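Protein chains: 2
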Amino acid sequence: MKYYEYTKEMLQKELENQMEIYNEYKARNLSYDMTRGKPGADQLDICMEMLDTKYLNNCKSQANLDCRNYGVLDGIPEAKQLFAEILNVTPKQVIVCGNASLNIMHDMISRFLLLGVGNNAKPWCKNEKVKFLCPVPGYDRHFAICELYGIEMINVPMDDNGPDMDLVEKLVANDEAIKGMWIVPKYSNPSGIVYSDNVISRLASMKCAADDFRIFCDDAYTVHFLDNEPAKQANIISECAKAGNPDRAIIFTSTSKITFPGAGISAYASSEANIECFVKWMGIQTIGHDKLNQLRHVNFLKNYDGVIEIMKKQAEILKPKFEAVLNVLDEKLSGLDILQWTIPHGGYFISIDTLEGCAKRVVSLAKECGVALTPAGATFPYKKDPNDKNIRIAPSFPPSSQITMPIEVLCVCIKIASLEKLLNN
Amino acid sequence: MKYYEYTKEMLQKELENQMEIYNEYKARNLSYDMTRGKPGADQLDICMEMLDTKYLNNCKSQANLDCRNYGVLDGIPEAKQLFAEILNVTPKQVIVCGNASLNIMHDMISRFLLLGVGNNAKPWCKNEKVKFLCPVPGYDRHFAICELYGIEMINVPMDDNGPDMDLVEKLVANDEAIKGMWIVPKYSNPSGIVYSDNVISRLASMKCAADDFRIFCDDAYTVHFLDNEPAKQANIISECAKAGNPDRAIIFTSTSKITFPGAGISAYASSEANIECFVKWMGIQTIGHDKLNQLRHVNFLKNYDGVIEIMKKQAEILKPKFEAVLNVLDEKLSGLDILQWTIPHGGYFISIDTLEGCAKRVVSLAKECGVALTPAGATFPYKKDPNDKNIRIAPSFPPSSQITMPIEVLCVCIKIASLEKLLNN
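Top to bottom, those sequences are chains A and B. First residue of the first sequence: 72, per the numbering used here; consecutive thereafter. First residue of the second sequence: 72, per the numbering used here; consecutive thereafter.
These are computed hints drawn from the structure, not numbers from a lab. Predicted model, so just to flag it, every value in this text is computed and none were measured. Heads up, a few of these hints could be off.
The list treats identical chains as interchangeable, and a pair is accepted whether it falls inside one copy or across any two copies.
[Unchecked claim] With a cut-off of at most 20 Å between alpha-carbon atoms, the simulated EDC-like pairs for lysine to aspartate or glutamate come out as follows:
#, residue 1, residue 2
1, K197, E218
2, K454, D282
3, K351, D211
4, K197, E223
5, K131, E120
6, K97, E479
7, K131, D116
8, K131, D113
9, K97, E218
10, K197, D282
11, K492, E76
12, K351, E218
13, K109, D137
Can you build the whole structure from these sequences, using the hints too?
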C-alpha cells in the first residue's frame, strides 16, 4: 500500500514505528560515508602494475623522443591516438594534458572569458552577462566554476533521454547571453542516464542566438560501464560538424577512474580549428604536460581494447556495490511511492528523488544517525534544489560490506521524512 | 687594439679577413643549436633512479594517505615541507602543484584579471589598462603571458644588482595601472645576475599607487648554482612582510631543472593570507595535482640537502659548458670592445650585448652559417630590443664537444656585424 493512501492514523503509527527503528540504529553509533564519488582502494590496485618502470620504455616515446625533457605541448602522439580511440575522433582533434580534466574545463572557461572562443570572437567577460545552461541534477564542480566567475546558471530539467530539449532550444534561440552549456552525456553525473542520439543531434544542430555558444561535454564516464560494454552514443563533435556547427562542442575526459584519480592523464577533443587555437593558447601556459605519465599510461593501457579490459575489472568491483544499494532501495521502499531512483548502467552515482521538500530532512536525519550523505542541493547550481528532492548516492568508495547498512538507515530516514511531510499536508 | 680605434682602412681590411674566416666556416655546412634552455640528456640521467617504484613507498604518504586517489589540493605535506626548505618559507606558505611553474604563473595572472588579487579587490580586467614592469633582458615566456592577455609591458633596464630601482620606484609610485612586475631574482634569465638584498628590500617596501600591485617572482633557478652553493639572497616574502606589504610577492619554482623538465613538480609560495585565497580558487580548478609524482620526488630528494647534492651533480655537467662559451668569448673578443657578456654563477644562460644595432645581424649571420641562436629581441617584451643588442646563449643542451665551434662562429659573426656598423658610422 502506498503511503499517500494511508489514513492520518496509519501515517502516525508508521512514523512511530520508523522512529523506533531509527533510534535503534542511532544507538549503535554508526559511522558510514556515502559522499565520495571516488574509487575504492581495490579499484586502485587494478592498475598498480602501470607504475613499474618497464612501462616507461626507457623514457622514450615511439618516435624516440626523450619524454623526460621539455616539449610536446599537445601530448605524445601515442597518447593522442589512445584518446582518439576512446573519444572516437582523430588524433589531430585531441590534446592530452595533465592529471585532471576538471582543470582543462576550468581553464577553457577562463580563457573564453578573457580571450573569447577564438577567431577574434569577443571575450565573454566583455558582455554584461554570461549565462550557462545546466541540466539538473548535475555535477557540483561544473557549477562551482560558473559560480566563481559570475556566470549565471539556468537549470534545465532532465529525463531519461537527457535534458529537456524543447526548453533548451527555446532558451538558446532567444538569449544571446547564453554562451555555454554543461553536459555529461554518458552515465550522467549523478543520474547515470545516457543521452539519446536524438538529444545529441538536437544539441549539435539547434539554432543559437549567440554564435559563440559552446557545449562543454564532460565525457568523464565514456567507458565507465557496469554491464558488458560502454553504451553506444552518437559523437557530439561529428554531429556538430554535420550540422554546420563544427566548433560548438568540446569533449573532456581522463583516466582518473580508469587508472588513478590522483595520477591519471586527461584529454580534450574538438574541431581541428578549435584545437589549433587551443594549442596556441596552451603554449603560453605551459611548455608541455607530464609526458612520462602519458608514456606509462599508453604502454600499460595500449589501446581502446586495453582500456575496456581494465574497465571490465573496474565494473566487477563496482557493480556489486551498485546492486547492493539498489537491492536495499527495492526491498525497503518499492511500492511505497515515496522515492524515485535511477538504475545506472555505468558511471559513479545513483540519483534518488524523495517527495518534494524532503531531501534536506533525509540528509540531516541520516547524519544524526552516523551516515554521511552528499548535502541535498549539491547537485544543483548555487546548491539550491528548487524542489528539495534530489540526493546523490556514491557507492564506490566504501567496501562492499559497508553499503547495505547505511542504505538501510537511509531508507528509514526517507520513510520518516516522507511520513512527516504527508502528515503535515 | 679596440675596433673603434681602427682607421677606416683597418676596419675594411679586418672585415675582409673575418669574411674569409666566415666563408670557410660556411663551407663546412655546420649545424649547431644554441637556442634551447633545456638540460642535456646527461643531466636527465642524474635522477633516473627516482623513477624506481621503491620511491613510491607503496603509494602511501608519510601520513599514510593513498596518493593514488583524489584529494589533497595543496600538495602532500612532505612535498610542502621540501619546497618550504628550498624557498625559505613555512610549509603553510606553500602550495605544491603539477609539472610546470609557468602554468601556475599563467593561471595566477588569469585569475587576477578575472577575480582580482583577493580580499574583494577589483578584477584587473575591469580596469581600462593593466601594466607590468619587465626588467630587461628577461624571460620571453613571462612576456608572452602579458601579451596574450593584453597587459602593457614597460621595460626596466637591469644592472649587476637587478632592475634600476630608482626607475621602478618612480613608475609604481605614480601609475595605478601598474599592477605587477616580473622578476627572476637569482641567476636571472638570461643575464645570470643575482639581485642584491638592497634591491629585494626596495621591491618589498616601495610605495605603489596600486594597492593590488603584485610581484611575480620566478625563482626558477633558486638552487641552480654553478659553483659550490646557491647564492644567498634576502627572501622577498619575508622582506614584504617586514615592510608591511605581506601579500605583495608570490614566488614560483619547480624541480624542472633539478629532476625532469617534463615530469617534475612545481610550487608557489606567498603570505598565508594569499595562500588561503589561492587554495580556495584552486579548489574550483582541480581536485588535486599528481600526488604520486610528489611522493616520488620527496622520497628521492628527501630534503634541502638532498636537492643540493643533485644540484652539485648538475653543476658538474653544466659548468664546463659555460666555461667553454666564456673561454671562446674571452679568447676571441676580449680587448676589442665590441661585446659585453655576463659571467653567471648559476642559471641556464649567458647574456651578451653587442654594439647597438648589431644583434639581429649577428643572429642572421650565424644562422646562414649553420648556428641557430635565440632570435634577437626574444629577451624583450613584444620581442623588441630597442637597442638591438641582446642575445641569449643557451649552453646546456648541446654536448660539451659541440659548444666551442658554434661559439667561435658566433665570435666571427659578432666581429663582422661590429665592423660593418663601425664602417657605416
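Hints and how they fare:
{"no.": "1", "hint": "K197 <-> E218", "in the structure": "both (17 Å within a copy, 18 Å between copies)"}
{"no.": "2", "hint": "K454 <-> D282", "in the structure": "neither (29 Å within a copy, 34 Å between copies)"}
{"no.": "3", "hint": "K351 <-> D211", "in the structure": "between (30 Å within a copy, 15 Å between copies)"}
{"no.": "4", "hint": "K197 <-> E223", "in the structure": "both (15 Å within a copy, 18 Å between copies)"}
{"no.": "5", "hint": "K131 <-> E120", "in the structure": "both (19 Å within a copy, 16 Å between copies)"}
{"no.": "6", "hint": "K97 <-> E479", "in the structure": "within (12 Å within a copy, 83 Å between copies)"}
{"no.": "7", "hint": "K131 <-> D116", "in the structure": "between (26 Å within a copy, 13 Å between copies)"}
{"no.": "8", "hint": "K131 <-> D113", "in the structure": "between (31 Å within a copy, 15 Å between copies)"}
{"no.": "9", "hint": "K97 <-> E218", "in the structure": "neither (37 Å within a copy, 61 Å between copies)"}
{"no.": "10", "hint": "K197 <-> D282", "in the structure": "within (15 Å within a copy, 24 Å between copies)"}
{"no.": "11", "hint": "K492 <-> E76", "in the structure": "within (14 Å within a copy, 100 Å between copies)"}
{"no.": "12", "hint": "K351 <-> E218", "in the structure": "between (27 Å within a copy, 13 Å between copies)"}
{"no.": "13", "hint": "K109 <-> D137", "in the structure": "between (33 Å within a copy, 12 Å between copies)"}
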